[in-house]
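Okay, here's what each chain looks like letter by letter:
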Amino acid sequence: MELQKQELPIHPACRVWSIRPGRLSAEGRRTGFSLLNIREWASNPKLLEHRLTILAEVRDAVIEFVTASEPLYFGHVNYGDEYNLVFPTGHHGIDAIEVRTALLDADTAEVLGFYSGGVGDIIVHPVGLCHWPGYMSKPEFFRPPSGPARFRILSMVYCSKGAVKYNDSAQEKKTAGLEWPSFEVHPDFADWKIRECKADFPSEKARKRAGFVPLRALVADKNRKEDEITTVGRVGETRWDLIVSAGGPKKAFASGGRSYLIGYAGQPRLELLAPDGAPCGTADLEEADLLEIPASCGFRITGTGNGKRSAILWFRENP
Amino acid sequence: MNATAVAAKDPKFEGPVKASLGGFSFERRGAEVTIQAGGRTTGLSSHMFMRTIYRMLAHGLALGKSIFYGGFCLHNLGDPVQGQEVKFSILGSPTAEEVFPKEEVRRFLTQMYEDFKWDGYEEWY
Numbered sequence: 005m006e007l008q009k010q011e012l013p014i015h016p017a018c019r020v021w022s023i024r025p026g027r028l029s030a031e032g033r034r035t036g037f038s039l040l041n042i043r044e045w046a047s048n049p050k051l052l053e054h055r056l057t058i059l060a061e062v063r064d065a066v067i068e069f070v071t072a073s074e075p076l077y078f079g080h081v082n083y084g085d086e087y088n089l090v091f092p093t094g095h096h097g098i099d100a101i102e103v104r105t106a107l108l109d110a111d112t113a114e115v116l117g118f119y120s121g122g123v124g125d126i127i128v129h130p131v132g133l134c135h136w137p138g139y140m141s142k143p144e145f146f147r148p149p150s151g152p153a154r155f156r157i158l159s160m161v162y163c164s165k166g167a168v169k170y171n172d173s174a175q176e177k178k179t180a181g182l183e184w185p186s187f188e189v190h191p192d193f194a195d196w197k198i199r200e201c202k203a204d205f206p207s208e209k210a211r212k213r214a215g216f217v218p219l220r221a222l223v224a225d226k227n228r229k230e231d232e233i234t235t236v237g238r239v240g241e242t243r244w245d246l247i248v249s250a251g252g253p254k255k256a257f258a259s260g261g262r263s264y265l266i267g268y269a270g271q272p273r274l275e276l277l278a279p280d281g282a283p284c285g286t287a288d289l290e291e292a293d294l295l296e297i298p299a300s301c302g303f304r305i306t307g308t309g310n311g312k313r314s315a316i317l318w319f320r321e322n323p
Numbered sequence: 060m061n062a063t064a065v066a067a068k069d070p071k072f073e074g075p076v077k078a079s080l081g082g083f084s085f086e087r088r089g090a091e092v093t094i095q096a097g098g099r100t101t102g103l104s105s106h107m108f109m110r111t112i113y114r115m116l117a118h119g120l121a122l123g124k125s126i127f128y129g130g131f132c133l134h135n136l137g138d139p140v141q142g143q144e145v146k147f148s149i150l151g152s153p154t155a156e157e158v159f160p161k162e163e164v165r166r167f168l169t170q171m172y173e174d175f176k177w178d179g180y181e182e183w184y
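Residue numbers (our numbering), protein chains in the order written: chain A, 5 to 323; chain B, 60 to 184.
In short, the hints are calculated from the structure, not lab data. Everything hinted at is true.
Derived DSSO-like pairs: lysine-lysine, alpha-carbon spacing no greater than 30 Å straight-line:
#, chain 1, residue 1, chain 2, residue 2
1, A, 178, A, 165
2, A, 142, B, 146
3, A, 178, A, 255
4, A, 169, B, 161
5, B, 176, B, 161
6, A, 178, A, 202
7, A, 212, B, 124
8, A, 209, A, 165
9, B, 124, A, 178
10, A, 169, B, 146
11, A, 50, B, 176
12, B, 77, A, 142
13, A, 165, B, 124
14, A, 226, A, 178
15, A, 178, A, 229
16, A, 312, A, 229
17, B, 71, A, 50
18, A, 255, A, 177
19, B, 176, B, 71
20, B, 161, A, 50
21, A, 312, A, 255
22, A, 229, A, 202
23, B, 124, A, 50
24, A, 142, B, 176
25, B, 124, A, 169
26, B, 146, B, 77
27, A, 178, A, 209
28, A, 178, A, 197
29, A, 202, B, 124
30, B, 161, A, 165
31, A, 165, B, 146
32, A, 177, B, 124
33, A, 209, B, 124
34, A, 209, A, 169
35, B, 146, A, 212
36, B, 146, A, 209
For clarity, every value in this text was computed on a predicted model and none was experimentally measured.
So here's chain B without its partners, still in its complex pose (with noise of 0.2 Å):
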């Protein structure tokens, strides 16, 4: 079975809204994410985006390195599981990275998760 076959009906999307840490600005306009830093933009699908957010929180940001679908990075610095910074990360150059405390980034995408649902996200599980 094709999990593309059957699709969603399109959500209901508001209007843009926006988030930012430090240098790094993220906008979600419609079904896409936008993702900006350091003069890099980078961007996905707002449904990704909102699940790889989910989860990177449901992990308590403890998986080490992840990548996101457009090269947005989020890095548990040091030990992968205790380690106490996060990095935030475009890949590519020119480089685009900012470190911050883990709890700060865990406020910050706990509340960008919050604000950027719309109406009718569901988080499936």
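Isolated chain A, as found in the complex (with noise of 0.2 Å):
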């Protein structure tokens, strides 16, 4: 007998949404992988607006996901980096949107600069200072929407569970950097309008621990190599990787501890690896796909739905 999917009520506000849950197979299932449309989740009638929700964890860090269709009305001190991707939700007038954040003082709540960037790249909230989403200069003008003029967008935070030794924002040598790279697009993401991020910050103590992530950029890059591997953020013990490809090499990645991933454009098709290196099943991900990978366990990208380069984040322990 064949179970049929129930079909799950869906919040207004999401209601524009492209929500296509992936599959896994069942012998996928049966070594411990799981899987979890993120943005099926978020779209949940009964899910607090603001609220972050930890759906996964690795040692000291997390990734949280949030859903908003207001601004957020107070800015947060965090007590460790936070990479924030405000994550695509597959309708093109929403992707579309400015995201702008500020950074403040902490103790003065002065403004000290802003990013204003697109859906779809990664800003650094660095710690020690405030960082304030949708922050307004003039807050008594806003009326906040209602009924049709309701939108969510779905964000997502790479974050410490508490304090952290390393905070990669205090390096060095940074993960994120205040530039906007220049790069020639990938034919398999022509259809992509990528807005250009920017970091404004004539503050000298916001830029020097501010950073943004290109994840488009790199993500569409013409000259990236398939199944290369770029850290895109740290945070504690922890880091988060993006792996582009079609297919091509079919290289295998497995990590020592748990680990996720995340499809964050395009379809890509997966063969599941055991801890002997052998296969175990198999995943066919889509956007916003959150797959649980057991320890020890791997996966190999053996090609694309559609045919085009797809991209996964890959939150694991460090090697």
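Please assemble the complex out of the two chains, which come individually in their own frames, going by the hints.
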């Protein structure tokens, strides 16, 4: 007997999101892999906005997800570096909005500058400073949207669970920078409208610590090699890696501890690997899928659903 | 799309509502909330105040330091998650700050959130 998948209710402010969960083979499930589509999870009508929820945890770091249809009305002084990625929803209108975040002095609330960029890039909220997504210089004129004017964005944060020894923003050589790269767009991403991310921090205090990762530029770069790993974030004893592939090299990836993959773009097709390296199932990922990979297990990108390059983010402990 | 383009209907407010904890007093009068402590006064819109209080409670007051519009701060002292004391403060000088047990703050904010609601107030989620 074939089980019918139940249609889940969708919050009205998520009605235009593209929600297409991927598939995990039964063999994969038996060996401890699990799959959750973040857009499907986040579109739950009962999910409270602006409440970060942990969906992935590796050692001293976590990945949290949150939705919002109103700006945030408070600034937060985080206790470790945070990497914030406003995740694409699959709707062109929403994904084209400008994403603006202020950094403020934690003691005086003086505005030290702004990031302004697009959906799909990563910005750093450095430890010790106050970050405020959607900060308004004249909040008294703001009125919240109502009814059909509301739409939700989906945001994810890669950060520590508590204070950690290693904060990337305090290092001489950082993962994130302040300059947008020049690059040629690979034909597979020719339809992407990429908004340049800018970091405008007149304050030296903020400029020293701030940074962004031009994730969409890294993914779309024509000169990028398939299956090459680029580290796009580091928190405590963990890292966040980007892999772009159409399934050419079929390199095997594995982590000693539990790790997570997030489908960022395209439709990667994976062969799942048991601790001894033997195939133990398959996963057909879609955008916003979160695949949990058990300790010592791994994966190999064998192709893509649409024949084009795909991109995944791999959250794991430092090798 | 500009979120301000389609604004919510102006809500109907009743008379002023007040609450206080230690030397910090809070008053919602119509669409504005005023916070006073140590001779300092700050304020912000009722809508933003209520939304922020709700988020602080939803996160179990375990967010470390958070700054409201207007400069009122709520700071979970010690371990940002496990710490059992919360400091209220208003940024700037002269200093206006006071430390309370976390449980007392939780009870106070929960009650104030209920008391400060107005007719038709809706916690959007």
